[in-house]
Amino acid sequence: MSVSYNGGLTGLTALVRNNLVHYQQWSDVEVVPLRDREALRGRPAQKLSNDDEEIGVEYVLPVELSQYRSSGVTLEALDKVFSQLPASCKRVVLAISSDDGTVVYYTVYQGLQRPRKN
Amino acid sequence: MAKRVAGSKRYVHPLPIEPVVLPPLIAHNPLSWVYWVLAYVTSSNQLPRKIPLEVGADGRYTVTGREQMQYLWEHGFFGTGQLSRSEPTWQARTVDRLQLDTEGIAGHKLEQVTQLRRKQRLEFKRERASFERKRLELRRQGVLESEILEQERLWLKQLRDRELQWEASTGDPSPVRAEDAEIIAEDGASVLPIEKLELMPVEALFLTLALPVLHADAPAILARTLGPQPALPQIERLCRLYAAYHHYRSHGWCVRSGIKFGCDFLLYRRGPPFHHAEFSVMVLAPDERHDYTWYSTVARVVGGAQKTLVLAYVARRAAADQLAALWHARRYMEAFALFEVHELVYRRWLPGKNRE
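Chains as they are written, first to last, in our numbering: chain C, 1 to 118; chain G, 1 to 356.
Treat the hints loosely; a few may be bogus.
What the hints assert, rightly or not - Capping the alpha-carbon separation at 35 Å, the derived lysine-lysine pairs in DSBU-like fashion look like this:
1. G:K157 / G:K134
2. G:K260 / C:K90
3. C:K47 / G:K260
4. G:K119 / G:K157
5. G:K50 / G:K9
6. G:K260 / C:K80
7. G:K50 / G:K260
8. C:K90 / C:K80
9. C:K47 / C:K80
As the list claims (entries may be wrong) - Derived Cβ-Cβ restraints for the label pairs, each shown as a range:
10. G:L164 / C:T74: 48 to 56 Å
11. G:R133 / C:E30: 49 to 57 Å
12. C:E76 / G:T308: 35 to 43 Å
13. G:Q165 / C:A45: 38 to 46 Å
14. G:G227 / C:T74: 17 to 25 Å
15. C:Q84 / G:S44: 35 to 43 Å
16. G:Q165 / C:L75: 46 to 54 Å
Claimed, not checked - Footprint (simulated), chain C over chain G, 3 or more residues, beta carbon under 8 Å:
17. 123-129
18. 177-183
Because the hints were derived from the structure by calculation, they are not lab data.
The C-beta atom is built at its ideal place from N, Cα and C for all residues, glycine as well.
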């Protein structure tokens with residue numbers, strides 16, 4: 001028997017939302033509706049980068065790997081996403097879901113960004 | 001949970017096939033012959049019941065149920081837990097995190113908190129008693145009532161400060177987050193099984209067509225993956241992936257998704273609990289060409305993880321028409337058999353390091 005919690009969400013957004021909340025242990029995760037897609041917003045359990053001063057609200061963009069491969073993630077597409085998010089948002093976390101159930105996360109910054117300190 | 005069982009004991013079977021164990025045959029004991037023949041005829045290495053495969057509306061292939069997920073993981077490391085790195089361990093991890101073992105939500109922690117609270121309460125009572133004695137003394141000395149009230153306020157503030165300090169030093173004692181409300185069962189003592197084991201399309205096909213342990217319908221799987229009217233290039237791509245997957249599985253490798261290293265498959269000698277994957281496979285068509293940056297990017301990611309990059313060129317040995325005909329006749333295994341795999345290893349060579 002299995003139970004799934006979608007909270008009314010479907011497909012990819014629900015998958016990434018559950019991954020963030022119940023695997024990565026993010027808090028206050030909610031959906032941010034954009035014009036033609038959905039993003040998520042929440043607080044990570046740990047700092048995403050050592051260069052961060054403190055944990056803040058992060059924006060997550062769920063993407064299917066097939067979309068990524070067929071150039072669904074272009075500079076134009078990302079610019080469009082950034083333009084719909086608050087101006088304070090300098091980076092977006094791409095949540096790429098593959099066909100094996102894994103979600104991999106990559107960070108995309110707006111403009112030039114110093115390589116992170118490891 | 002078979003958590004502490006040694007790997008070599010837990011993972012005896014590299015694939016979901018278990019050999020039949022026959023009783024000993026003793027030459028001078030005819031009774032043992034009868035028993036042997038009976039065992040030979042009646043025993044079977046088929047699963048008593050096939051594992052149901054769920055095909056989601058989003059085209060994901062999942063298996064649910066703790067035992068079934070565990071069976072597929074322990075017999076060849078099939079699938080990935082949607083909320084785990086690979087083995088579906090979310091349930092056990094969450095029970096640990098919430099300390100749900102036997103006493104219900106945060107059992108031990110709650111007890112500790114109760115004890116601390118009791119100690120605090122006792123201390124407060126002692127303090128209160130000593131202040132009341134002090135107040136009585138002050139009244140006896142004829143100190144103004146307003147002065148006594150001021151003293152009491154000061155004392156209360158002192159107590160509150162001490163309490164705040166104590167709370168800050170112990171931190172939040174509860175491991176339960178607000179988000180956990182949706183995963184804790186109504187009895188408050190168990191975690192809802194929200195994790196599913198997800199299979200790659202090629203894994204689902206392999207476990208349906210080659211080693212039939214899944215209760216699934218191959219045409220339905222393919223329709224979900226490719227859509228109702230797939231074009232030939234899409235069919236060919238899936239055939240290439242399947243041919244490569246089956247090829248390495250039949251050569252004894254444990255094949256898993258390569259998403260974490262930007263390639264198609266990872267090859268493990270036995271499986272993830274034993275060693276790191278040694279090889280990363282990129283499945284290509286023989287006429288597929290990429291610019292140099294493509295090869296170098298793939299190789300650098302794979303090389304950074306101490307793996308060898310294998311370019312698997314999967315060639316079709318028959319005309320495209322033949323493939324299309326077999327496909328539409330739903331003779332999938334014959335269609336897959338039209339492909340053969342040729343490997344090439346791509347290695348970054350460093351003159352300073354690779355002297356031998």
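Evaluation of the provided hints:
1. For the suggested pair K157 (chain G) and K134 (chain G), the alpha carbons sit about 17 Å apart, so the restraint of at most 35 Å is met.
2. Note on K260 (chain G) and K90 (chain C): the hinted pairing holds, with a Cα-Cα distance of about 25 Å set against a maximum of 35 Å.
3. Only pairs whose Cα atoms come within 35 Å are accepted, and K47 (chain C) paired with K260 (chain G) is accepted, the gap being roughly 21 Å.
4. A C-alpha spacing of about 19 Å is found between K119 (chain G) and K157 (chain G), which places the hinted pair at or below 35 Å, so the restraint holds.
5. Between K50 (chain G) and K9 (chain G) the alpha-carbon distance is near 24 Å, which keeps this suggested pair within the 35 Å criterion.
6. Taken as a hint, the K260 (chain G) and K80 (chain C) pair is honoured in the structure, with Cα atoms around 27 Å apart against an allowance of 35 Å.
7. Using a Cα cut-off of 35 Å, the hinted pair K50 (chain G) and K260 (chain G) holds, with the two alpha carbons roughly 30 Å apart.
8. Of the supplied pair hints, the one linking K90 (chain C) and K80 (chain C) holds, its CA atoms being roughly 13 Å apart against a limit of 35 Å.
9. Between K47 (chain C) and K80 (chain C) the CA atoms are separated by roughly 26 Å; this keeps the pair inside 35 Å, and the hint holds.
10. Checking the proposed 48 to 56 Å range against L164 (chain G) and T74 (chain C) shows it holds: the Cβ atoms sit about 53 Å from each other.
11. Checked against the given bound of 49 to 57 Å, the beta carbons of R133 (chain G) and E30 (chain C), roughly 55 Å apart, stay inside it.
12. Evaluation of the 35 to 43 Å hint for E76 (chain C) and T308 (chain G) yields a pass: the beta carbon distance comes to about 37 Å.
13. Take Q165 (chain G) and A45 (chain C): their Cβ atoms lie about 26 Å apart, and the range 38 to 46 Å is violated.
14. About 23 Å separates the C-beta atoms of G227 (chain G) and T74 (chain C), a value consistent with the hinted range of 17 to 25 Å.
15. A hinted range of 35 to 43 Å is violated for the C-beta pair Q84 (chain C) and S44 (chain G), which are about 59 Å apart.
16. Distance hint check for Q165 (chain G) and L75 (chain C): the Cβ-Cβ separation is about 52 Å, which falls inside the suggested range of 46 to 54 Å.
17. Given a C-beta distance limit of less than 8 Å, the hint that chain C covers the stretch 123-129 of chain G is violated, as 0 residues qualify and 3 are needed.
18. Only residues whose C-beta sits within less than 8 Å of a C-beta in chain C count toward coverage, and the stretch 177-183 of chain G has 5 of them, enough to reach three; the restraint holds.
Of the hints listed earlier, those the structure fails to meet are numbers 13, 15, 17, in rising order.
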